[in-house]
Structure formats: structure tokens, C-alpha cells
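K.L.:
Residues per chain are reported as follows:
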Amino acid sequence: MAIRLARWPSRTTPTLGRHLALAVGAAILLLLLSSQIGAYDDYNLAEVAIFVIAVAGLNVLTGVNGQLSLGHGALMAIGAYTTSLILRGHDVPLILVLVASVASASLIGAVFGIAAARLRGPYLAGATLALAVGLPQIATRYSHVFGGEEGLTVTPPGPPDWLGADFPPERWMAWIAIAAALVTIVLLANLLQSSVGRSFKAVRDHEAAAALAGIDVARTQVHAFVVSSACAGLAGSLFAYWSGLTAPAGFGVALSLQLLSAIVIGGLGSLSGAVWGSIILVIIPALTGGLASSLSLASSVANNLPLAIYGSVLVLAMLLVPNGIDGGLRRLLVLARTRWTGAPSTHKGVVDWDDPSGG
Amino acid sequence: MQRFIVLTLNGLTEGSIYAAMALALVMIWRATQVVNFAQGAMAMFTTYLALFSLERGAPYWMAFLVALLCGLLLGGVIERVLVRPVESAPPLNIVILTLGVLLVLEAVAPMIFGGQIRSFPAAFSIVGIKLGSLQVPFSAFDLFTLASVVFLMVLLLLLFQKTDLGLRMRASAFNAEVSRLLGIRVGRMLTLGWALASLVGALSGLLIAPTLLLYPTYMDQVLVFGFTGAILGGLDSPPGAVVGGLAMGFSLSYVGGYFGSDLETVGALVILVAVLMVRPRGLFTLRAQRVV
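Protein sequences, first through last, are from chains A and B. The numbering used here applies: residue 1 is where the first sequence begins, and numbers increase by one. The numbering used here applies: residue 360 is where the second sequence begins, and numbers increase by one.
Hints were generated in silico from the structure; no laboratory data involved. From a predicted model like this one, the values you see are computed outputs, not experimental measurements. Where hints are given, some of them may not hold.
Listed next, with one range per pair, are the computed distances between beta-carbon atoms [said to hold, decoys possible]:
id, chain 1, residue 1, chain 2, residue 2, range
1, A, ILE114, B, ILE488, 44 to 54 Å
2, A, SER300, B, GLY416, 19 to 29 Å
3, A, ALA27, B, LEU540, 23 to 33 Å
4, A, LEU335, B, VAL440, 37 to 47 Å
5, B, GLY542, A, VAL111, 31 to 41 Å
Virtual Cβ for every residue (Gly too), placed ideally from N, Cα, C.
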């Protein structure tokens with residue numbers, strides 16, 4: 001504890017207050033930003049915010065608790081299908097739909113988490129991969145309920161009247177997604193600072209030691225799975241609203257692998273890493289899609305260029321910044337501090353408890 | 360009863376392909392503790408190279424050999440150039456790296472060879488063998504598939520169990536540090552392990568291509584079932600990989616045949632999860648090791 005106080009004097013202020021202040025600041029900045037940009041950029045901003053929720057949740061499970069999930073896309077699908085089924089023929093307020101989606105995803109997550117607590121490493125990866133492959137097929141099989149391959153349509157939420165008649169619906173969607181993302185991040189940040197968060201990390205770092213310290217390892221792993229599934233459910237529900245369509249093709253293995261690549265590229269185990277990773281997930285396809293169409297290439301090359309670039313980014317990122325963007329930025333910060341003060345960084349010799357790769 | 364025989368033979372043929380893929384994954388896992396998600400895409404790429412040679416007038420067996428040798432080369436190069444530098448990184452980083460390789464290969468293949476679905480020739484007839492007046496749903500090509508997978512497995516078994524090189528490879532996989540002290544060039548052994556594994560993968564790609572047809576993502580499902588087969592058997596056990604792969608083939612075939620083909624995958628995966636609940640480290644891992 002002494003080490004922490006020495007390193008972060010600001011930790012003496014209450015954690016919740018600090019996180020809330022940061023969130024309010026971010027909210028104001030993002031609202032201003034979303035009002036300045038066009039509808040298409042608002043649409044992309046909403047997508048980033050939705051991914052932030054899912055990626056942050058996955059980062060708690062995989063980065064903080066050490067459970068590898070290749071099936072998070074399927075948990076998003078549960079949220080999305082809950083939303084679509086509730087809204088089929090009914091007009092239910094947004095907040096109730098979100099709560100119901102979170103609840104259903106948490107429930108499935110708890111069941112799967114209990115099974116997952118027995119499995120480790122690649123075996124857990126295989127079981128969760130089974131979830132990602134199998135679940136969309138159930139939607140196809142029981143097409144009278146889930147709409148089959150064509151999926152179910154969802155009416156996006158319209159902006160309220162007091163914002164004016166010409167308020168773009170994309171901006172309203174972005175606001176909803178940003179609000180949900182900020183609430184999620186604040187809740188997760190507090191959770192990770194609490195004893196629950198510490199036991200998540202303890203289980204990841206050393207199961208036997210955690211058990212000796214009185215932590216119920218299996219129960220902690222199930223808790224992490226539920227928290228993570230709740231986030232995935234929320235993200236899935238917003239995804240259904242955002243895309244206007246819930247279809248099995250949107251929730252395949254590719255989505256799960258995208259989420260996984262986002263946590264590693266952003267920075268394993270850190271919430272700011274989740275934000276970086278989500279930005280990368282949205283920005284790279286947007287940029288490369290534009291690049292491919294602006295160059296006059298053969299269609300077979302142009303159509304596959306974004307995928308090739310995304311794959312190369314994954315490979316290069318692992319070779320060049322193995323700790324993700326968040327880890328890279330932290331390193332830069334330490335270097336800059338050393339440079340400016342002319343003294344070796346105070347970080348030296350101090351174990352960084354929050355850094356999953358160090359210690 | 361006749362239906363059961365048809366499904367069994369079908370499961371056996373498909374299962375032998377998954378067994379080859381599972382074996383490739385297990386060999387890489389034992390060598391470098393990496394699940395190589397690019398294995399399927401690598402096999403896809405080498406199968407395209409075989410098709411490319413065929414179109415340039417090469418005889419079938421020449422193209423077959425080209426694909427296998429390119430598989431050997433591709434595996435070795437990927438290990439040496441991409442995997443070696445991140446050897447000590449967290450395991451998840453290497454997973455993401457292999458995913459990146461998968462995406463690059465699946466994007467580059469249509470750029471070079473075109474993205475449309477292509478047919479790939481089989482070495483032998485794919486029509487069922489006639490026994491007297493009865494037509495058995497088992498073709499000469501199915502027999503060849505089964506025989507070549509078994510042949511390759513026996514070769515690998517001999518290599519690992521009976522040769523000095525195999526002993527050195529097993530030692531490197533078992534304990535790199537001690538092996539280095541004993542004078543084994545561990546790095547070379549790991550490269551060779553990847554190369555051999557990717558040759559096995561390339562074989563599975565060649566054998567399944569006539570059935571699935573050739574397109575850039577055609578090996579994805581083979582990878583998924585090979586991987587689930589490998590963890591079903593236990594990632595540390597080559598015999599486990601073979602049994603696991605065959606088990607995947609049988610369960611896919613039976614579930615598809617008796618409960619409808621759209622439940623095929625779900626059923627097989629439910630079986631996988633059920634087995635893992637009883638044996639969390641696969642069927643063939645002898646004892647769960649806990650590192651304290």
C-alpha cells in the first residue's frame with residue numbers, strides 16, 4: 001500500500017469521485033465532438049462506443065482474470081437477440097430493453113462461466129469457440145423464433161422531440177452508446193479497484209497462491225464471466241439498435257476474434273487499452289476501405305486489401321508493441337519523464353502491480 | 360442399419376481429415392506451446408499452389424508434392440521469421456499473431472489466385488466402390504484419404520519414437536533449457552517441428568479440397584473441427600489428436616444424419632463441451648498438472 005501511495009498521491013482522493021469526474025469530463029468532450037462531426041462520423045463514433053463496452057468486458061475476463069474467451073461474439077448475440085425479440089411487436093422503453101438484455105446475457109454467461117471454471121488455457125478457448133460457432137446456428141435452425149439467416153429487424157431509437165425535428169438520429173444513437181460506454185467504464189474501473197478486482201487479478205497471477213489467501217478461485221472466475229457477459233449483453237443490445245438488424249452472420253467467430261484482437265492491440269488488462277483497441281477496430285476498416293477504393297486496383301485486390309492490412313497490423317503490433325497501445329504509451333510517458341527531469345524514473349525498481357506483463 | 364454404415368464410413372473419411380489437422384496443431388503445441396490458428400489458412404494457400412501448378416500443366420502427383428513441400432517451407436519460415444521473435448511474449452500475443460497470419464493469407468490468396476470458388480481434382484474416383492451389385496458409399500478417393508493420413512502418421516510415429524532426430528525434437532519440446540545444455544540446437548528443432556506440422560496440415564488441405572471445393576476460407580471449418588478434435592483428445596497427445604479428430608468426424612456425421620444437418624455443428628460442439636466437463640484436459644492427457 002505504501003508503494004501505491006508513493007506512486008499515486010491522487011489515490012488518496014476517493015476512487016469513485018475521481019472516476020466520476022473523469023467520466024463527466026469525457027462526456028462533455030464527446031458531446032461537443034459529436035455535435036461538430038457529420039452523421040456518418042457519428043455513426044462510427046457510436047460503433048466505437050459499443051465496441052468499448054464489449055472489449056472492456058472481455059478485457060476484464062481475459063486481461064484481468066486470465067480466462068481466454070473466443071466466444072464473446074456469441075454473448076453479444078444473446079443481448080442482440082433479446083433486444084430484437086422484445087421489440088418484435090412491442091414498444092418497450094430503451095432502458096428496460098437494455099436491462100433485460102444485460103440480464104439474459106449475464107444468465108447465460110453464469111451458466112457458461114460455471115462450466116468454464118473447470119477449464120484452462122486452450123481448453124477454455126476451445127469450449128468458448130464452440131459457443132461462438134454453435135450459437136449462430138441455433139438462430140438459423142429455429143428460424144420461426146429467431147428469423148433465420150435474414151434475422152430480425154430493430155427500429156433504431158428516434159431522438160426525443162425537445163432536441164428539434166432535424167436532430168440527426170445517428171447523433172442520438174451515438175449519445176446513447178457513449179452514455180452506456182461511460183457508465184460501463186466507471187462501473188468496471190471501480191470494480192477493478194475493489195477487493196473483487198484484486199481477487200480477479202490474484203486468480204490470474206497465481207491460482208494456488210490466491211486459493212491459499214482465502215479466495216474461492218472457481219467462484220471468482222464465475223463472477224468475472226458474469227461481469228464480462230453483462231457487458232457483452234449491453235453491447236449486443238446497442239449493436240442491434242445501431243445496425244437495425246440482428247442476424248446470425250453478424251455474430252460469427254470473426255466478431256469474437258475481432259474483440260480478442262482489440263484487447264491485445266489496445267493493451268491487455270487495462271480499460272484505456274479497451275478504448276484504444278475499439279478505436280483501432282473501427283478506424284482501420286474505415287481508412288483502408290477508403291484507401292482501397294481510391295486507388296485504382298483490380299477488384300480482387302481492392303476487396304481484400306482491408307483484410308490484408310488488418311492482418312498485417314495484428315502481426316506487426318505483436319512484433320513491435322507487444323504490450324499494446326496502452327503499454328507503449330506508458331513506456332513513452334516514462335521515457336519522456338526521465339528526459340525532462342533528467343533523473344531516472346521513479347518507476348524503476350517499483351513493481352507495477354497494475355501492469356499485467358510486468359512484475 | 361444401412362444408414363448407420365453410411366454415416367460411419369462418412370464419419371471415418373471426414374474424421375481422418377480432422378485428425379490430420381488436429382495432429383498438425385498438436386505437433387505445434389508440443390513444440391512451441393502455441394495454438395496455430397493460421398494452420399488452416401496455410402493449408403488453403405498450399406492447396407492453391409497445387410491448383411496453380413496443375414493449371415500450368417504439372418501432373419497431379421507433382422502438384423501434390425509441390426503443395427506438401429511448400430507447406431514444409433511455409434511452416435518453417437513462419438516459425439523462424441514471425442513466431443521466434445515473440446517466443447517469450449504472453450501466449451495470447453502469439454494467438455493474435457497467428458490470427459494476423461490467417462487474415463493476411465486469406466486476403467492475399469484471392470488477390471493472387473482469384474476469389475471465386477474453384478473445383479479441385481481428386482486423385483481417384485470419388486464415386487462409391489461397387490462390391491458385386493451393391494454400391495458402398497466409400498470411394499477409392501476416400502480410401503486414399505484414409506490410407507495417406509494413416510501412412511503419414513506412421514511415418515511421424517517412427518520419426519519421433521525411433522530416430523535420433525525425433526528424440527532431439529521431443530527433448531526440445533519437453534524442456535528447452537535442459538536440451539540446450541545437452542547440446543541440442545533447440546531453435547532448429549522448433550523450426551523443423553513447425554515445418555513438419557504444416558506439411559501434415561497441407562495434406563489435410565489437399566485431401567478435403569475435392570469435397571469442400573477451393574475458396575479462400577474453405578479450411579476455416581476444418582481448422583475449427585481439427586482444433587476441437589485436438590482439445591478433445593488432449594493437446595499434449597498425438598494419439599489423442601487422431602482419436603479426437605476421428606471422434607469429431609463420427610459425431611458430426613451421426614448428429615447430422617440422425618438429427619438434421621443444420622444441427623450437425625451444434626451437436627458435435629455440445630459433445631465436445633460435455634467431454635471437457637468430465638475430462639477438462641482432454642481424453643488422453645494422463646494427469647492434470649497443477650503448477651504451484
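K.L.:
List, from low to high, the hint numbers that the structure doesn't satisfy.
P.N.:
Of the numbered hints, 3, 4, 5 do not hold.
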